[in-house]
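Undergrad: As given, the protein sequences belong to chains A and B, one line each in that order.
Using my numbering, the first residue of the first sequence is number 3, and each one after it goes up by one.
Using my numbering, the first residue of the second sequence is number 21, and each one after it goes up by one.
Derived from the structure by calculation, the hints contain no laboratory data.
Warning: the hint list may mix true and false statements.
Capping the alpha-carbon separation at 27 Å, the derived lysine-lysine pairs in DSS-like fashion look like this [what the hints assert, rightly or not]:
1. 79(A) to 309(B)
2. 104(A) to 294(B)
3. 43(A) to 320(B)
4. 79(A) to 294(B)
5. 104(A) to 650(B)
6. 244(B) to 43(A)
7. 104(A) to 169(B)
8. 63(A) to 278(B)
9. 403(B) to 317(B)
10. 456(B) to 163(A)
11. 320(B) to 278(B)
12. 244(B) to 153(A)
13. 497(B) to 527(B)
14. 403(B) to 43(A)
15. 527(B) to 90(A)
16. 309(B) to 244(B)
One-sided excerpt, in silico: chain A residues whose CB lies under 10 Å from chain B [said to hold, decoys possible]:
17. 69
18. 95
19. 99
20. 100
21. 117
22. 120
23. 122
24. 130
25. 135
26. 180
No experiment lies behind these values; they were computed from the predicted model shown.
In this text, a Cβ means the ideal position worked out from N, Cα and C, and glycines have one as well.
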Amino acid sequence: MTTPKLANLTAAFISISIFLFLSSSPADGATATSLITGTCKQTPDFNLCVSTLTADPRGPKAAGVQTLALIIIDAVKAKATTAYADIKRLLKTAPELEGPLKSCAQQYNVILTAEIPEAEEAVSGGVAKFGEDGMRGSASDADLCEDGFVKVKSPLTVENKVVSGLAAVGAAVIRQLE
Amino acid sequence: MGDHNQPFLSVSGDPECAPVHDDSVVDDALHRPQGSSKSKLLLAVFSGIFVVCLILAGGYDKSGVVKIHQLEGGDEMGVGPMEMPAGSATTRPSVSRGKSAGVSEKANLSPQQLLGGGEGSGDGLSEDFPWNNSMLSWQRTAFHFQPEKNWMNDPNGPLFYKGWYHFFYQYNPNAAVWGDIVWGHAVSRDLIHWLHLPLAMVADQWYDVQGVWTGSATILPDGKVMMLYTGSTNESVQVQNLAYPADHDDPLLLDWVKHPGNPVLVPPPGIHHKDFRDPTTAWQTSEGKWRITIGSKVNKTGIALIYDTDDFVNFELKDGFLHGVPGTGMWECVDFYPVAVAGGDGLDTSANGAGVRHVVKASLDDDRHDYYAIGTYDEEAGKWYPDNPAIDVGIGIRYDYGIFYASKTFFDQSKQRRILWGWIGEWDSEAADVRKGWASLQGMPRTVVLDTKTGSNLLQWPVEESERLRLRSKEFKNVVAKPGAVVPIKLEAATQLDIVAELELDKEAVDRVVESNEEFKCSSSSKGAAHRGALGPFGLLVLSEETLSEQTPVYFYVVKGKNATLRTYFCADQSRSSLANDVNKQIYGSSVPVLQGEKFGVRMLVDHSIIESFAQGGRSVITSRVYPTKAIYGAARLFLFNNATEAGVTASIKVWQMNSAFIRPFPNL
Numbered sequence: 003m004t005t006p007k008l009a010n011l012t013a014a015f016i017s018i019s020i021f022l023f024l025s026s027s028p029a030d031g032a033t034a035t036s037l038i039t040g041t042c043k044q045t046p047d048f049n050l051c052v053s054t055l056t057a058d059p060r061g062p063k064a065a066g067v068q069t070l071a072l073i074i075i076d077a078v079k080a081k082a083t084t085a086y087a088d089i090k091r092l093l094k095t096a097p098e099l100e101g102p103l104k105s106c107a108q109q110y111n112v113i114l115t116a117e118i119p120e121a122e123e124a125v126s127g128g129v130a131k132f133g134e135d136g137m138r139g140s141a142s143d144a145d146l147c148e149d150g151f152v153k154v155k156s157p158l159t160v161e162n163k164v165v166s167g168l169a170a171v172g173a174a175v176i177r178q179l180e
Numbered sequence: 021m022g023d024h025n026q027p028f029l030s031v032s033g034d035p036e037c038a039p040v041h042d043d044s045v046v047d048d049a050l051h052r053p054q055g056s057s058k059s060k061l062l063l064a065v066f067s068g069i070f071v072v073c074l075i076l077a078g079g080y081d082k083s084g085v086v087k088i089h090q091l092e093g094g095d096e097m098g099v100g101p102m103e104m105p106a107g108s109a110t111t112r113p114s115v116s117r118g119k120s121a122g123v124s125e126k127a128n129l130s131p132q133q134l135l136g137g138g139e140g141s142g143d144g145l146s147e148d149f150p151w152n153n154s155m156l157s158w159q160r161t162a163f164h165f166q167p168e169k170n171w172m173n174d175p176n177g178p179l180f181y182k183g184w185y186h187f188f189y190q191y192n193p194n195a196a197v198w199g200d201i202v203w204g205h206a207v208s209r210d211l212i213h214w215l216h217l218p219l220a221m222v223a224d225q226w227y228d229v230q231g232v233w234t235g236s237a238t239i240l241p242d243g244k245v246m247m248l249y250t251g252s253t254n255e256s257v258q259v260q261n262l263a264y265p266a267d268h269d270d271p272l273l274l275d276w277v278k279h280p281g282n283p284v285l286v287p288p289p290g291i292h293h294k295d296f297r298d299p300t301t302a303w304q305t306s307e308g309k310w311r312i313t314i315g316s317k318v319n320k321t322g323i324a325l326i327y328d329t330d331d332f333v334n335f336e337l338k339d340g341f342l343h344g345v346p347g348t349g350m351w352e353c354v355d356f357y358p359v360a361v362a363g364g365d366g367l368d369t370s371a372n373g374a375g376v377r378h379v380v381k382a383s384l385d386d387d388r389h390d391y392y393a394i395g396t397y398d399e400e401a402g403k404w405y406p407d408n409p410a411i412d413v414g415i416g417i418r419y420d421y422g423i424f425y426a427s428k429t430f431f432d433q434s435k436q437r438r439i440l441w442g443w444i445g446e447w448d449s450e451a452a453d454v455r456k457g458w459a460s461l462q463g464m465p466r467t468v469v470l471d472t473k474t475g476s477n478l479l480q481w482p483v484e485e486s487e488r489l490r491l492r493s494k495e496f497k498n499v500v501a502k503p504g505a506v507v508p509i510k511l512e513a514a515t516q517l518d519i520v521a522e523l524e525l526d527k528e529a530v531d532r533v534v535e536s537n538e539e540f541k542c543s544s545s546s547k548g549a550a551h552r553g554a555l556g557p558f559g560l561l562v563l564s565e566e567t568l569s570e571q572t573p574v575y576f577y578v579v580k581g582k583n584a585t586l587r588t589y590f591c592a593d594q595s596r597s598s599l600a601n602d603v604n605k606q607i608y609g610s611s612v613p614v615l616q617g618e619k620f621g622v623r624m625l626v627d628h629s630i631i632e633s634f635a636q637g638g639r640s641v642i643t644s645r646v647y648p649t650k651a652i653y654g655a656a657r658l659f660l661f662n663n664a665t666e667a668g669v670t671a672s673i674k675v676w677q678m679n680s681a682f683i684r685p686f687p688n689l
């Protein structure tokens, strides 16, 4: 393949990339559908709710609240997954925090292996109240992790707050399924 | 569906870019022998996509500050029915699952109210309690049905068959939270001493692979058993299936066969495929058909659908519904059964005619409470009408003013009584449940009869076999508690008890006290039992610690209203039940009719982390889940208390130590 063609292709590709980026940007208010805004108004963090839902390609296309609930659950899972990875890393790099970090590992393990699967199964199956339980449980476990750092500064504050806040939003979205 | 047995696997990467990080494709491209130009192109493509992903990922992670201000309506902070302060960085979402449980009014409580942490926990102490194994293992009950571990919810298909009481239940074999639901099974000779059997049904068919959900048993006149149950299909559609014992001669009913033609019912037109579950026991019509009802909803109206069948395989949907009540939402675990106007014995589910009233009961998904109403069944029309529409199903009387859901009755033909099972969930955190390895109990089975004195409510009472658990007793006659008194009731132990108490208010004080226009509800004061009136509260402090650092008051509160009429309320107050902050702290209960000449009477079953309280012979019942940290084992105490300001209380109390029921696996199976 000749160089000019490669350059053209690259240019075309960059244009497509920019287009894709712009059209899927969460900053685009037009993709916050009335379903999303209506649902998010009944949650404790409207902005977090809207931004999370519009950031997911399923969000603006969602036909019902169930899809929105599953998106939030996925977002909690993603955030909890990274938090868990960070905890594992910190256990090696910050041995002075071993106590609370071990508790956090426990709490996030519960979130990832028990509470999120519970929420997914319940929302998919149409028995929303157990989904609420799973989300509330996740929020509480993130709080438990944060509260474990009593006399020292928590290295996980931002992550814990995000998981906790998102899970609270999740519980509120699921509540609307009942 | 999560596989809870798997150890957690490591992070897999940014989900939005997952399809791109397909290493095999990249490897393939890099190793292609055709020449470097093609590989350069592919490299450019992937780099471009990689760059896009970086941008998108970066934008996603910064969902906090930058993006918010660019959103339409981004200044709205989500105020709505939620009472939580929105967007606050210090907000702590709800911890325990007591959210919609345990209040007599449908209050939408904020987490702060739920936790009772009004002053916050900002004194440097951890908000979530450091439970130790001793505290957690104390919570397991001695004589209430629970599996050896993991999660349980609804009672299923209870029946008496060939000398054994059978109990099935929603069970998660993999975790201490709801999920992967199958049918657990246990048998007992006496509804008390249960023996665990292997799982009765698992999720092994396309029509129940997402869950073997709740169902009910019907015993045919020839003795055969038909079990109808809800399956959640591979596409999460709710359908009804038929199962029956593989061997009707096996008294233990170990093995079950699923009808090859399942499902026997699918959601009818107009009914959403996720609003169709929990078929009832069938009853016979005068035409000789079998009739069942299944709960559902249409918009916000909860309804009970009616089907007729000859064979439990082919069903005919009847026009209209058995009944429906606007605004009540989805009706789960509907129950329908006759009660005798004259009280006394229970009735077979098919009983009808003069001297019979019919009860319709529904578990309301919206508030997680069980409601019932008494009324008239018009068999020909396939309809039921409440005696008093003001207290119709879902808007009137509850079986239980504490934690009690998904309940189900069955007719015990061996002793001619109707028996009620109810799922008792947890009021602690899911984290604690996972840590202790189990969640949920069943209530002590209760007989149900019509209250012949009032005619407008049921009476529930622990089955008489519960008295077989009674060991040594101690009697305390005419114990006087002056206004403000707390009187110790000295016992050898106070965690496994059967308490029967009769209390009287000082008559002279009752006559003397002026009329009050207090509008009382158990939940109206955040002080609970510390809120003092002229004639109440008075009752017992259960699972209490010597210095009362932890206490669970269960009590009466009497108000003298217009024309000197007395109104009585029966309440439980968990606000100080535990030093832990991640447990239910609500105050709840209801009014209870106390008739002329009646003393205030209560029977309480205390069994570690469960308290079941029956007032006025079972006219009002409260089940509580309590998780003390200090008032456990030998440190638990019982007190009589009187917080009335004007009247003394005299009580006669009999307390039995209760034995364990030794619930365990069936031996030598």
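Undergrad: Run every hint past the structure and note whether it holds.
TA: Outcome of the hint check:
With a C-alpha separation of about 50 Å, the suggested pairing of residue 79(A) with residue 309(B) is violated against the 27 Å cut-off. For a cut-off of 27 Å, the pair hint linking residue 104(A) to residue 294(B) is broken: about 40 Å separates their Cα positions. Pair hint residue 43(A) plus residue 320(B) holds up; C-alpha atoms about 20 Å apart against a cutoff of 27 Å. Of the pairs offered as hints, the one joining residue 79(A) and residue 294(B) holds, with about 25 Å between alpha carbons and a cut-off of 27 Å not exceeded.
Taking the CA atoms of residue 104(A) and residue 650(B), the gap is about 26 Å. The hint holds against a cut of 27 Å. Among the hinted pairs, residue 244(B) with residue 43(A) is inconsistent with the structure: their alpha-carbon atoms are about 54 Å apart, more than 27 Å. Taken as a hint, the residue 104(A) and residue 169(B) pair is honoured in the structure, with Cα atoms around 24 Å apart against an allowance of 27 Å. The straight-line distance between the Cα atoms of residue 63(A) and residue 278(B) is roughly 39 Å, outside the 27 Å bound, and the hint therefore fails.
Of the pairs offered as hints, the one joining residue 403(B) and residue 317(B) holds, with about 16 Å between alpha carbons and a cut-off of 27 Å not exceeded. For a cut-off of 27 Å, the pair hint linking residue 456(B) to residue 163(A) stands: about 26 Å separates their Cα positions. Under the criterion of a C-alpha separation no larger than 27 Å, the hint pairing residue 320(B) with residue 278(B) is inconsistent with the structure, at around 34 Å. Taking the CA atoms of residue 244(B) and residue 153(A), the gap is near 66 Å; set against the 27 Å cutoff, the hint is violated.
For the hint pairing residue 497(B) with residue 527(B), the CA-to-CA distance comes to about 18 Å; that is within 27 Å, so the pair holds. A C-alpha spacing of about 40 Å is found between residue 403(B) and residue 43(A), which places the hinted pair above 27 Å, so the restraint is violated. For a cut-off of 27 Å, the pair hint linking residue 527(B) to residue 90(A) is broken: about 68 Å separates their Cα positions. Only pairs whose Cα atoms come within 27 Å are accepted, and residue 309(B) paired with residue 244(B) is accepted, the gap being roughly 16 Å.
At about 13 Å, the closest approach between the beta carbon of residue 69(A) and any beta carbon in chain B exceeds 10 Å, and the interface hint on this residue is violated. Taking 10 Å as the C-beta cut-off, the interface hint given for residue 95(A) is violated, the closest approach to chain B being about 16 Å. Restraint check, residue 99(A) versus chain B: the minimum CB separation of about 15 Å is more than 10 Å; hint violated. A distance limit of 10 Å between C-beta atoms decides the matter here; for residue 100(A) the minimum to chain B is near 16 Å, and the interface restraint is violated.
The beta carbon of residue 117(A) comes within 6 Å of a beta carbon in chain B, closer than 10 Å, and the hint placing it at the interface holds. Evaluation of the residue 120(A) hint against chain B yields a held restraint, the C-beta minimum of about 4 Å falling below 10 Å. Restraint check, residue 122(A) versus chain B: the minimum CB separation of about 7 Å is within 10 Å; hint holds. Using the Cβ-Cβ criterion of 10 Å, the hint placing residue 130(A) at the interface with chain B is satisfied: the shortest such distance is roughly 8 Å.
Because the closest C-beta pair between residue 135(A) and chain B is about 5 Å apart, less than 10 Å, the hint holds. At a threshold of 10 Å, the smallest CB-CB gap from residue 180(A) to chain B is about 5 Å, leaving the interface hint in force.
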